[in-house]
Amino acid sequence: MLTNFFLYLVQSSVAISTCALVYRLFLCRLTYFQWNRVYLLGSLLLSLAIPVLLSTGLFNEEADPGVISSLPLNWSKRSVNAFLPTRDTTSTTLSSPFWEYLLLTLYLVGCLYKTWHFAQNLKTIFKLIPPGQPIWNRASCRVFIQSRWPTFSFLNCIFLHSGISALTHEEQEQVLQHEEVHVRQRHSLDVLLYELAGIVFWFNPIVTYLSVSIRQVHEYIVDEVVTRANNNVRMYGYLLLKLTTQPSFIPILNTFSNKQIFQRIQMLTQTRSRPIQKLTFLIVLPLLVLTLVLCSFLQPFNSRTRTVTEAEKPATGIPIGTILWKGNTVYSAEKLTQILGVREGDLYNKEHFKKRFFDAVGTDVASLYMDKGYLYFNVDVQESRSGNVVNLILTVFEGSPVTIGKITFKGNKDVTEAQIHELIAIRLGELFNRSKLLKSQQKLAESGYFNPKKIGINPVPNPELKTVDLVYVLDRKP
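Residue 317 in my numbering sits at position 317 of the sequence shown, with consecutive numbering throughout.
Be aware that a few hints might be false.
With beta-carbon atoms standing in for the labels, derived distance ranges [what the hints assert, rightly or not]:
| hint | residue 1 | residue 2 | range |
| --- | --- | --- | --- |
| 1 | V289 | K350 | 44 to 50 Å |
| 2 | D380 | N462 | 23 to 29 Å |
| 3 | L102 | E173 | 56 to 62 Å |
| 4 | R24 | L106 | 26 to 32 Å |
| 5 | Q120 | L285 | 38 to 44 Å |
| 6 | G110 | R148 | 24 to 30 Å |
Simulated from the structure, these hints should not be mistaken for lab results.
We treat Cβ as the ideally placed atom computed from N, Cα and C, and that holds for glycine.
I would like the entire structure built from these sequences, with the hints used as guidance.
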């Protein structure tokens, strides 16, 4: 569970970083500010959703039921011993629960700190709202006067700085127009969304960059609306400069003056982007593909992995007390337990347990290892009775990954070897992969050249060379 959660954080961070890079390189200088706002909001939501979609298998290729066939792999224990690791098999991996809970503790400490900081900012804002009615209501806004912070808006409230009285009536009207646009377009909700994302991803500075960017875009949007209404960019620019002397602001606010004031003036006077430059936003399409690919590389769950249903679990047996893994380095204990499909408290049945390790269906623990080249994977199960439960110690012998040696074909006379190689798509020197082997078996059966009921694959291990030869037994279709 914890491993999956940390994986989600990593995948989302990768997606967020990819979206931020595209924004920085291609979009941030465009004057299509509303489009940039949509991009920044959409990219964040997409980055949060993609890992969930990947974990549910929405974008994963489902295994063809025809591929899942029996492929017996029979070799002696002596062959297995040639690949056993020389280190102490009782050692544990860094993905043990201790390290997971340590990381979780550090993560939660960061979240709590950011949450406290966020709550303090909200408390500061609500303290500015005096009891009773606001100074006046304007459209859908409630207007208040305060002297602690610069003029700003939050949700449907506008907080004017007391120094606004020093401005001319026309300038005061522009300030109010500015904040009203923030309120009408609900910019505070965007900011709150990014603040919440900043709590969850406090360790990722890219989220902070995007949070600052969307505040900038808000100001660009409002500046454009106000200057278009008043048709006087120069006077509005002077007003921005005049208000730079106001005090610093709370990070979750949309303020009329801030440190990006000169960037805002520059954007006001910048030449508008050409309509054809809207096509730049089409980069979102390859960005989506790139994000899916990057997150898929971090996705450890094989598309063939399925959950053991209650109906598949044994109806009789002894309750399992604890499950302890030893010797595993390639996969964490949590991952192996998930693939095993057996949890503490389930009934222990030897035959069912053996099937979850070595099963022809392809959703077993052995297949998980064999798809990574660990052809000589084995496990030793030790049972220890304690009262009414049985405790299990599972010692894993992973060995070393093996590669494909020679590939030969027997029983074939009419089809060229080049044609067969093209069908099986297995190459010399690549890692052994059980699922790929089964896929090649299906391709041969569907080719129409051979009798599908008489296609066999005989692996011939070479322990000294750490390779395995494949002998395909083929029978020409009558």
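Subject >> Hints breached by this structure >> reply: Those not satisfied: there are none.
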